[in-house]
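Protein chains: 2
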Amino acid sequence: MINYPIKRKALTKTTNYANLGMTLESDIEASNAYYLNHKIAVIHKKPTPIQVVNVSYPARNKAKITEAYYKTPSTTDFNGVYKGYYIDFDAKETNSKTSMPLKNVHPHQIEHLMHVEEQKGIAFLIVHFKKFNEYYLLPFGVLKRYWDNQKNEDEGRKSIPYETFKKEAYPIQFGYQPRLNYLKAVDLLISRTE
Amino acid sequence: MINYPIKRKALTKTTNYANLGMTLESDIEASNAYYLNHKIAVIHKKPTPIQVVNVSYPARNKAKITEAYYKTPSTTDFNGVYKGYYIDFDAKETNSKTSMPLKNVHPHQIEHLMHVEEQKGIAFLIVHFKKFNEYYLLPFGVLKRYWDNQKNEDEGRKSIPYETFKKEAYPIQFGYQPRLNYLKAVDLLISRTE
Numbered sequence: 001m002i003n004y005p006i007k008r009k010a011l012t013k014t015t016n017y018a019n020l021g022m023t024l025e026s027d028i029e030a031s032n033a034y035y036l037n038h039k040i041a042v043i044h045k046k047p048t049p050i051q052v053v054n055v056s057y058p059a060r061n062k063a064k065i066t067e068a069y070y071k072t073p074s075t076t077d078f079n080g081v082y083k084g085y086y087i088d089f090d091a092k093e094t095n096s097k098t099s100m101p102l103k104n105v106h107p108h109q110i111e112h113l114m115h116v117e118e119q120k121g122i123a124f125l126i127v128h129f130k131k132f133n134e135y136y137l138l139p140f141g142v143l144k145r146y147w148d149n150q151k152n153e154d155e156g157r158k159s160i161p162y163e164t165f166k167k168e169a170y171p172i173q174f175g176y177q178p179r180l181n182y183l184k185a186v187d188l189l190i191s192r193t194e
Numbered sequence: 001m002i003n004y005p006i007k008r009k010a011l012t013k014t015t016n017y018a019n020l021g022m023t024l025e026s027d028i029e030a031s032n033a034y035y036l037n038h039k040i041a042v043i044h045k046k047p048t049p050i051q052v053v054n055v056s057y058p059a060r061n062k063a064k065i066t067e068a069y070y071k072t073p074s075t076t077d078f079n080g081v082y083k084g085y086y087i088d089f090d091a092k093e094t095n096s097k098t099s100m101p102l103k104n105v106h107p108h109q110i111e112h113l114m115h116v117e118e119q120k121g122i123a124f125l126i127v128h129f130k131k132f133n134e135y136y137l138l139p140f141g142v143l144k145r146y147w148d149n150q151k152n153e154d155e156g157r158k159s160i161p162y163e164t165f166k167k168e169a170y171p172i173q174f175g176y177q178p179r180l181n182y183l184k185a186v187d188l189l190i191s192r193t194e
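If you're matching them up, the sequences are chains Z and P in order. Residue numbers are given in my numbering: position 60 of the first sequence equals residue 60, and the series is strictly consecutive. Residue numbers are given in my numbering: position 170 of the second sequence equals residue 170, and the series is strictly consecutive.
Extracted from the complex, chain Z is given alone in its bound form (with noise of 0.2 Å):
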């Protein structure tokens, strides 16, 4: 009887499939293991990149490194292919209501995303409005154009408003299997650029 109240808690969270996430990069590499065992498609999270300085061998055959630091990543974190498409996306979460702030936004990943569209690579963002625990998937073309306009002295703006998201972008599903189907919103990408 001691464990009533725990117990409750735990089952009002497995029923909300909100609370299973617990951070928007893992939700993503939760489906891309589903895809990846369901032959749906083959994208994955690129490591972190770390300069190592020091290297140690404290036992046989086991290097121990004792000295190193985080780089700045050049690309995005997540690539792979899809039905013959390069797939290459980022992930940014905002506690915003009312936009997403272009500062989540690296200058060198819009580049890349740059240089993956001219590839006729399939580029974007998936983005997670915490508060109202929505995800959608935005194209690199819509994120290009406010990230230009930024420097427009009269209209130019440091975020992107909610409103075009509910316009441009693309709603994910949040679910069980797999946790984050963005995938279908791709497909929706694809059919509508083709």
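Honestly, the hints are just simulated from the structure, not real lab data.
It does not matter which identical chain is used: a pair holds within one copy or between any two.
Listed next, the in silico SDA-like pairs over lysine to any residue satisfying Cα-Cα at most 25 Å (straight line):
| id | residue 1 | residue 2 |
| --- | --- | --- |
| 1 | LYS39 | PRO49 |
| 2 | LYS92 | LYS167 |
| 3 | LYS151 | HIS108 |
| 4 | LYS103 | GLU153 |
Position chain P relative to chain Z; hints supplied.
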């Protein structure tokens, strides 16, 4: 006049392209940089996966990793996009004059390249026969045939003969810019499979 012998040495070095290459990996990375700068393709080496155990913060905003270990990669080293095609490969070097030992290839790499082909990506190895200074693009299909045949008791062998490279792989020329023009071999591979 004292510098004369050194100068001559340097000259000899620059005319022999083979000496430019430090390692196969750096030659491929230099070629990828050339492809990127000339808007020919967007292909990157994935960072080495590292398991971070401990991080300290000796100075503000500067994380220092003090304990970490190398992890086994679950995919190949290189991937990207070229004219709408998803490209995925690994690089292998051998000192042998007669064959490429299959132990150079990890089972998870075979599995990954198989998944890539199922999704209509272009999967292969770049193999360097160091003794001949020869480079080949080995299509995944050929690699897979030898891999699967390893277990065959009668004719199974643990390596791919050099002769097979001569017959079924695509030679890659070593040059100045790009150092390894492997996309020329990819073009041939694409034209023969479509």
